[in-house]
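The lines below spell out each chain.
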Amino acid sequence: MTDQPAGSRLVALCDVAEVTEDTPAQVDHDGEVYAVFAHDGAYYVTQDLCTHGPGNLSEGYVEGCEVECPFHQGKFNFITGAPTAPPCTDALRVWAVTVQDGKICIDPAQA
Amino acid sequence: MTSRPMMPGVVVIGAGQAGGRAIEALRGHGFQGPITLIGSEPHLPYERPALSKEMLLDTASETIAWVRPADWYAAENVRLLLGATATSIDRDARAVSLNNGTVVFYDTLILATGASPRALPVPGGDHPRCHTIRTLEDSRSLRTHFVPGARIVVVGAGFIGLEAAAAATSHGCAVTVLEAGSRVMARGVPPRISSLYAALHRSHGVELHFGVGITAITGPENAPVVECADGTSIPADAIVVGIGVVPEDGLAVACGLAVDGGIVVDEHGRTTDPAIYAAGDVTRHYNPLFGLSLRLESWQNAQNQAIAIARNIAGQNIVYAEVPWFWSDQYGVNMQITGLPTPGATTIERGDIDGFNGLLLEMTGNRLVCAIGLNATRDLRFAKQIISLGVDVDPAKLADPGVKLADLLRELKSR
Numbered sequence: 003m004t005d006q007p008a009g010s011r012l013v014a015l016c017d018v019a020e021v022t023e024d025t026p027a028q029v030d031h032d033g034e035v036y037a038v039f040a041h042d043g044a045y046y047v048t049q050d051l052c053t054h055g056p057g058n059l060s061e062g063y064v065e066g067c068e069v070e071c072p073f074h075q076g077k078f079n080f081i082t083g084a085p086t087a088p089p090c091t092d093a094l095r096v097w098a099v100t101v102q103d104g105k106i107c108i109d110p111a112q113a
Numbered sequence: 003m004t005s006r007p008m009m010p011g012v013v014v015i016g017a018g019q020a021g022g023r024a025i026e027a028l029r030g031h032g033f034q035g036p037i038t039l040i041g042s043e044p045h046l047p048y049e050r051p052a053l054s055k056e057m058l059l060d061t062a063s064e065t066i067a068w069v070r071p072a073d074w075y076a077a078e079n080v081r082l083l084l085g086a087t088a089t090s091i092d093r094d095a096r097a098v099s100l101n102n103g104t105v106v107f108y109d110t111l112i113l114a115t116g117a118s119p120r121a122l123p124v125p126g127g128d129h130p131r132c133h134t135i136r137t138l139e140d141s142r143s144l145r146t147h148f149v150p151g152a153r154i155v156v157v158g159a160g161f162i163g164l165e166a167a168a169a170a171t172s173h174g175c176a177v178t179v180l181e182a183g184s185r186v187m188a189r190g191v192p193p194r195i196s197s198l199y200a201a202l203h204r205s206h207g208v209e210l211h212f213g214v215g216i217t218a219i220t221g222p223e224n225a226p227v228v229e230c231a232d233g234t235s236i237p238a239d240a241i242v243v244g245i246g247v248v249p250e251d252g253l254a255v256a257c258g259l260a261v262d263g264g265i266v267v268d269e270h271g272r273t274t275d276p277a278i279y280a281a282g283d284v285t286r287h288y289n290p291l292f293g294l295s296l297r298l299e300s301w302q303n304a305q306n307q308a309i310a311i312a313r314n315i316a317g318q319n320i321v322y323a324e325v326p327w328f329w330s331d332q333y334g335v336n337m338q339i340t341g342l343p344t345p346g347a348t349t350i351e352r353g354d355i356d357g358f359n360g361l362l363l364e365m366t367g368n369r370l371v372c373a374i375g376l377n378a379t380r381d382l383r384f385a386k387q388i389i390s391l392g393v394d395v396d397p398a399k400l401a402d403p404g405v406k407l408a409d410l411l412r413e414l415k416s417r
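So the sequences go chain by chain: A and B. Each residue of the first sequence is one higher than the one before, starting from 3 at the first, in the working numbering. Each residue of the second sequence is one higher than the one before, starting from 3 at the first, in the working numbering.
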């Protein structure tokens, strides 16, 4: 018995202890690579691949709720997925996070 | 002669990364007047780094990063004059003449003409199998030769030449690199990194020779031969020439703007004519962070200097002052360089440099002046912040992998 809406299928990506504000985590789950961020006591999940080029956002530089891609130093708001600095123009996919038993969980189908 | 319109607006000469980003930023920062883009290539602005990397590695497909898609220019009402070359600037009339007879007037002019590869200055240097890499067509044409067994001779062991060598090797070509100097990437990295990369290329089968002078390119159209000063002749299927670039500053020279190995601009991107700005590879610009005039050949500079001048034209007051940053990809190793390579600096190693996973840090006294990261993108970014702070830092902490650079940066900022 859970409180989840019908059809929601949560999967655990990693432990909360694996993510700090400075160091996002990269998680490969079922063919999708995610970047997991921490900010102000909450957690956020985006696609790991930058929408501009082959940069991994989990390797990026975090300032506030923005992540700077290590490849070209474009930026995204990792809460909304919106691009915030060139050269990035296309938004990231983001997933709503649920923390259960110290694990960061998402429903992969609900990007 | 066409007459001058009431408000001719901004004209950009050069449809590369700098020109494209300038236009994007003009519209993004509220400039609503007319914008005209003049470019010699038939293409809309695109990013050039892939031309010596992805385009040569994956010869079956094209990964072109357009600054903006075609419909964006239409939606933003940007007049495109592509496939046309500006031939002169009349500063009194504030008009640009094109090679097709068109005259374009401006209120404000942006010169974003970039830099062009230097041709091999020897007899036969214009052999049809001599390739430089600047345009999409250059890259498309070169890669047709990247087939198994092809003999590729690379002249110049700089970043472009080595990226081409790495790509050619991945296609099974027999690659020879000829360098006039004594080590690879000598302008950009210290000897420690040069040695490492020389060994990396040799381990992939590249023949690498130093101190080689080239006297001529001979041979028929489809079978060039590289003639060396020591009498050696090296037959090739294609020759890649990567011996540096020259700024495309001829228009600026001809109309009397200050030029000193690049168009001279101040920290706002202004030339010596207040109606003319310049951005990107073509500029020699004053960087207040270092108190130096710099000419940079980099993607970052092309983008961010262009954005800064666009904002100034749109009415803001932006000083362009950034720590230079650059990258190169060879054999899956991502190298990033930030700061100013400083000959004679003391160096610190953080992580496993021999294993291509760490930082090489250059110090002048207790100041971090340059960092080179090998597959170490995040640490490199913290190093860039530390360089831009311009404060003393304890070398022992930089060298200690147990000290997180994020923490060190926080400590330095809070001082």
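For the record, the hints were derived by calculation from the structure and aren't laboratory data. For every residue, glycine included, the Cβ atom is placed at its ideal position computed from N, Cα and C. It is possible that some hints are incorrect.
What the hints assert, rightly or not - Facing chain B, from chain A, some residues (calculated, C-beta under 7 Å): (1) D24; (2) Y63; (3) D92.
Said to hold, decoys possible - In the DSBU-like style, the derived pairs of lysine-lysine whose C-alpha atoms are separated by at most 35 Å in a straight line are: (4) A/K105 with B/K406; (5) A/K77 with A/K105; (6) B/K399 with B/K415; (7) A/K77 with B/K399; (8) A/K77 with B/K406; (9) A/K77 with B/K415; (10) B/K415 with A/K105.
Against the structure, the hints:
no., hint, result
1, D24, "holds, 4 Å"
2, Y63, "holds, 4 Å"
3, D92, "violated, 11 Å"
4, A/K105 with B/K406, "holds, 25 Å"
5, A/K77 with A/K105, "holds, 27 Å"
6, B/K399 with B/K415, "holds, 15 Å"
7, A/K77 with B/K399, "holds, 29 Å"
8, A/K77 with B/K406, "holds, 23 Å"
9, A/K77 with B/K415, "holds, 22 Å"
10, B/K415 with A/K105, "holds, 33 Å"
In this structure, the one hint that does not hold is number 3.
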